[in-house]
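Undergrad: Sequence:
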Amino acid sequence: MATEPLDVAPTDQDAWTSHFCMVLDSIWKNYRHVLSPQEELYITAFQRLEMLTQHIYIRVFQRKGPWFKTNSLLKYFQDRSRYRGMALDEMKTAVIINEESPIVNEESPIVQSTLQQLTETNLIQALESRKNALFSKEHVELTLEAIDSCCSLSEINFIEGKVTGKKVGAKNSAGNKTKLLGNIHRNVLTQRRLDGSFLPVHTFVHQAWANSIQSKRSSGGGTPTRTTLGFRVVEHVREFFHRLHRLYYVHSMKPATSVLATGTLKKTNSVQLIVASCIPVLKHEPVQWPGLLVQFRKLQFPLNSSRIIKFKSTKSLFRSRIDYLCYEIACQLHQVMHQLEVSLIPSAVDRTLEYETSNYWKESEARPQIEIFRALHTCTKASDGIESTQVKSESDPKFFKSAWAVEQYFLTQFHDCLAKMHSFDTFILEVRSCLHSYRRALRDVASLSAHNSQLPPFFEKYNPGYQFTRILHKAIEVFEKAKQYDVAVLLLKELLDANTNFGLERKRGYWWLRLALNSEQHLKLPRQQAIEICERALSEDRINGTHHIVGGDRVALERRLDRLVAKRESNTEQNDPVKVDAVHECIQGRPLNRQMGEKSRFIGYDDQPCSVEQLVIQKFYYENWYGIHCEGHLFRNVVGMLMWEVLYLESVPDVFQTPFQDAPLDFGYADVFVRNRQVEIASRLRAISRFSQIELVSELERIWTTHFGTVSRFVSWTVYPLRLHQFIALSLGTTRLKALCEYMLSSVEYHQRSGSGIPDLLLLRLSKKHQSGTTDHFNVYEHCGMDVAVDHDTFGYAKSISETPETDVWLNQIEGMDMELRLIEVKGPRDRLSDQQRVWLCVFNEKMNISASVMHVLEEEKHIIKRGFHCLDVT
Numbered sequence: 001m002a003t004e005p006l007d008v009a010p011t012d013q014d015a016w017t018s019h020f021c022m023v024l025d026s027i028w029k030n031y032r033h034v035l036s037p038q039e040e041l042y043i044t045a046f047q048r049l050e051m052l053t054q055h056i057y058i059r060v061f062q063r064k065g066p067w068f069k070t071n072s073l074l075k076y077f078q079d080r081s082r083y084r085g086m087a088l089d090e091m092k093t094a095v096i097i098n099e100e101s102p103i104v105n106e107e108s109p110i111v112q113s114t115l116q117q118l119t120e121t122n123l124i125q126a127l128e129s130r131k132n133a134l135f136s137k138e139h140v141e142l143t144l145e146a147i148d149s150c151c152s153l154s155e156i157n158f159i160e161g162k163v164t165g166k167k168v169g170a171k172n173s174a175g176n177k178t179k180l181l182g183n184i185h186r187n188v189l190t191q192r193r194l195d196g197s198f199l200p201v202h203t204f205v206h207q208a209w210a211n212s213i214q215s216k217r218s219s220g221g222g223t224p225t226r227t228t229l230g231f232r233v234v235e236h237v238r239e240f241f242h243r244l245h246r247l248y249y250v251h252s253m254k255p256a257t258s259v260l261a262t263g264t265l266k267k268t269n270s271v272q273l274i275v276a277s278c279i280p281v282l283k284h285e286p287v288q289w290p291g292l293l294v295q296f297r298k299l300q301f302p303l304n305s306s307r308i309i310k311f312k313s314t315k316s317l318f319r320s321r322i323d324y325l326c327y328e329i330a331c332q333l334h335q336v337m338h339q340l341e342v343s344l345i346p347s348a349v350d351r352t353l354e355y356e357t358s359n360y361w362k363e364s365e366a367r368p369q370i371e372i373f374r375a376l377h378t379c380t381k382a383s384d385g386i387e388s389t390q391v392k393s394e395s396d397p398k399f400f401k402s403a404w405a406v407e408q409y410f411l412t413q414f415h416d417c418l419a420k421m422h423s424f425d426t427f428i429l430e431v432r433s434c435l436h437s438y439r440r441a442l443r444d445v446a447s448l449s450a451h452n453s454q455l456p457p458f459f460e461k462y463n464p465g466y467q468f469t470r471i472l473h474k475a476i477e478v479f480e481k482a483k484q485y486d487v488a489v490l491l492l493k494e495l496l497d498a499n500t501n502f503g504l505e506r507k508r509g510y511w512w513l514r515l516a517l518n519s520e521q522h523l524k525l526p527r528q529q530a531i532e533i534c535e536r537a538l539s540e541d542r543i544n545g546t547h548h549i550v551g552g553d554r555v556a557l558e559r560r561l562d563r564l565v566a567k568r569e570s571n572t573e574q575n576d577p578v579k580v581d582a583v584h585e586c587i588q589g590r591p592l593n594r595q596m597g598e599k600s601r602f603i604g605y606d607d608q609p610c611s612v613e614q615l616v617i618q619k620f621y622y623e624n625w626y627g628i629h630c631e632g633h634l635f636r637n638v639v640g641m642l643m644w645e646v647l648y649l650e651s652v653p654d655v656f657q658t659p660f661q662d663a664p665l666d667f668g669y670a671d672v673f674v675r676n677r678q679v680e681i682a683s684r685l686r687a688i689s690r691f692s693q694i695e696l697v698s699e700l701e702r703i704w705t706t707h708f709g710t711v712s713r714f715v716s717w718t719v720y721p722l723r724l725h726q727f728i729a730l731s732l733g734t735t736r737l738k739a740l741c742e743y744m745l746s747s748v749e750y751h752q753r754s755g756s757g758i759p760d761l762l763l764l765r766l767s768k769k770h771q772s773g774t775t776d777h778f779n780v781y782e783h784c785g786m787d788v789a790v791d792h793d794t795f796g797y798a799k800s801i802s803e804t805p806e807t808d809v810w811l812n813q814i815e816g817m818d819m820e821l822r823l824i825e826v827k828g829p830r831d832r833l834s835d836q837q838r839v840w841l842c843v844f845n846e847k848m849n850i851s852a853s854v855m856h857v858l859e860e861e862k863h864i865i866k867r868g869f870h871c872l873d874v875t
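Going by this note's numbering, the sequence shown opens with residue 1, and the numbers climb by one from there.
These are calculated hints, taken from the structure and not from any lab test. Heads up, the beta-carbon is just placed ideally off N, CA and C, and yes, glycines get one too. Do not rely on the hints blindly, as some may be mistaken.
Said to hold, decoys possible - Distance windows between CB atoms, simulated:
{"id": "1", "residue 1": "Gln608", "residue 2": "Pro526", "range": "53 to 63 Å"}
{"id": "2", "residue 1": "Ser149", "residue 2": "Gln521", "range": "51 to 61 Å"}
{"id": "3", "residue 1": "Leu74", "residue 2": "Arg367", "range": "49 to 59 Å"}
{"id": "4", "residue 1": "Asp195", "residue 2": "Lys420", "range": "44 to 54 Å"}
{"id": "5", "residue 1": "Thr178", "residue 2": "Arg832", "range": "15 to 25 Å"}
Whole structure, please, built from the sequences with the hints as guidance.
TA: Right under this line is the structure:
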């Protein structure tokens, strides 16, 4: 039984080339309409290259660059294993690499011919080596970049001597490198020859590299002047290929929080510094592409490519090339917003020109500075929008150049505009203007609105409006932290008054709640306005398969409304009435810390430090309960395994767009998800309700062994052992298990918040009473292969082992035993229940008949008396 994911890359094929060509082929078949003619030429030119040439470019494409020395590529030429899949004519090209001539150097014909092919297709640009060539300042600056990026200290010393006319020293310390580079830059950019041309610094670089090559050889001989010893990757072509990768993985892309490396930039109050650090990453960020990891057998996804092709999408995600560019730019703005959220000090969100800035906020019709969205703003009432005004017809002989030029202009202008944003207010104002412009385009451009109306609701996130709305949602919290509540309220009102939130309707409950709170507590508006806000929020209905107000937000709004009405009627500041929504118990602990904002620590039953959750697990352990601190993960795993075939049902149209998805696209839209699988869900639930114990256990084992290690949003394979999941399923029984699966698949809380708020602890107790009055207890930890140390801080941590009893053996051991399961939400001394946790406690107790309670860990007995709880135990 193979339950470990493979960790060995295939040796009989070139994974890098295979993955890159897979991306290009898929884009050509499915998204060719979003490519400009020049982009099509780049794709066809690459596909016509020899396999070796393709591989060399792909390896360079993955590296940082943009400048490379030729000798850094030699290891790719010397690997003979990648030529196994070559055709005969390509093998002849690679004849230099054989047993007779195993060594490859910079001057080898295969190396130079490969670089020559890449240069001719404009994928790379070689460093010019001609002595008498005259170059512009731009070419000289590129040569200086090559020196900074690729030259060693000895080479820089040689170039500096040539430029300044000084005698080249024999030795130089590493500390002089900066000074040498400064001398080179200053002399090259300021000095001219008699004919007014720049110094031939490119020839100096070529000589330095040639000398380095000769010094490593035993035999002499010069290097031909036409030999390519260094080159740079053409940036705009590499950016284009990166955009193709992002387009291919648009459905399986990681969220913005995972794209930019968090923690690489320290907290700062400079918006310009943060934005400047983002711009290079936006163009070609380092990403571990899922398809490449699959090629190396590092990952495995639920569906393979053949099953995806069988059910190809019936909808075109993007109407045109400009639509995709708008989405691409909006995604990049979202990434910048994430970095601002992480790195910007809240106090830096400050308005230096309050009067002018307040006027800017009042202008809802301001034109965006980003040119592509300004064009959207000006193309109102046009039948086919920006395409007709910015790009000439295909019948125009200049169409190839104009389409590519327009695209490059838009992208360059966007990055220039981004670099000029000096404050957080400026950034958010620009995003807000772009959102308003896109909304007007949806209203006035017939083809755009018609295209979007034909898409399924779970495609709403793939447009600029979704990204901009997410940015403004995050900006509201930033403004609140900076105490700019007037701006936060303005943004909240705009989002709530919009006719669409682009698939983010689930956020509306939070927006209403923040609007009511900011209006009443911070802006001190009349209480009646806050009451009207709450009443209007609670009256909203569903739209497009998502609730406007999800459970936790609805509870919070109801509680706030009750308090506001009570204040209005009594005009007194009374405390909120206590609502008993679950059983509340408490224990008294011995605290180790009492600081606000820190996780509470206590002295456990064994006199060792522990957390509040571990303290409660220890308390119940001595009552023969076996507890796991899992926060709902085990329930989600059990549901995910039992409903695996339903969750990954391939016959549902449009929900699987690539083989690299960990969930169907309609997951998150509860009504749509259930409607698409209504028959299959009902059939599976009936089967679960009829399972015997052996059938239930065997079904979980079948799913586990078949799909172990598969990337899935619904199952975490390596955290808890299979046997523990089987115990949980048996303890629930088929009736409660069916109710759990049915609720999870159809509830908004599970779809939109991934079960956030499920109680912290899951407790199991298996016991059997004898006629003699004695009771036997089944050791769950031992039979699950879990390594648990009661006297350590890791109490309750599960570690999977390979040797566990056979299924029939342990089923016989637990036959006739009473199986009990309960959930406990643990609260420390300075913690309280969230509204989402209240919803889950109610759901488990009332809808599923699963015991769920709250355990408060308090510090002193007076707090227990004040809260009116019954103390179970004193440590």
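Undergrad: Against each hint, give a clear statement of whether it holds in the structure.
TA: Going through the hints against the structure:
1. Range check, Gln608 to Pro526: about 55 Å between beta-carbon atoms, so the 53 to 63 Å window is met.
2. The given range of 51 to 61 Å is respected by Ser149 and Gln521, whose C-beta atoms sit roughly 55 Å from each other.
3. The hinted range of 49 to 59 Å is satisfied by Leu74 and Arg367, whose Cβ atoms lie roughly 53 Å apart.
4. Between Asp195 and Lys420 the Cβ separation comes to about 38 Å, which falls outside the hinted range of 44 to 54 Å.
5. The hinted window of 15 to 25 Å between Thr178 and Arg832 is violated, with their beta carbons roughly 56 Å apart.
Violated hints, listed in ascending order, are 4 and 5; each of the other numbered hints is respected by the structure.
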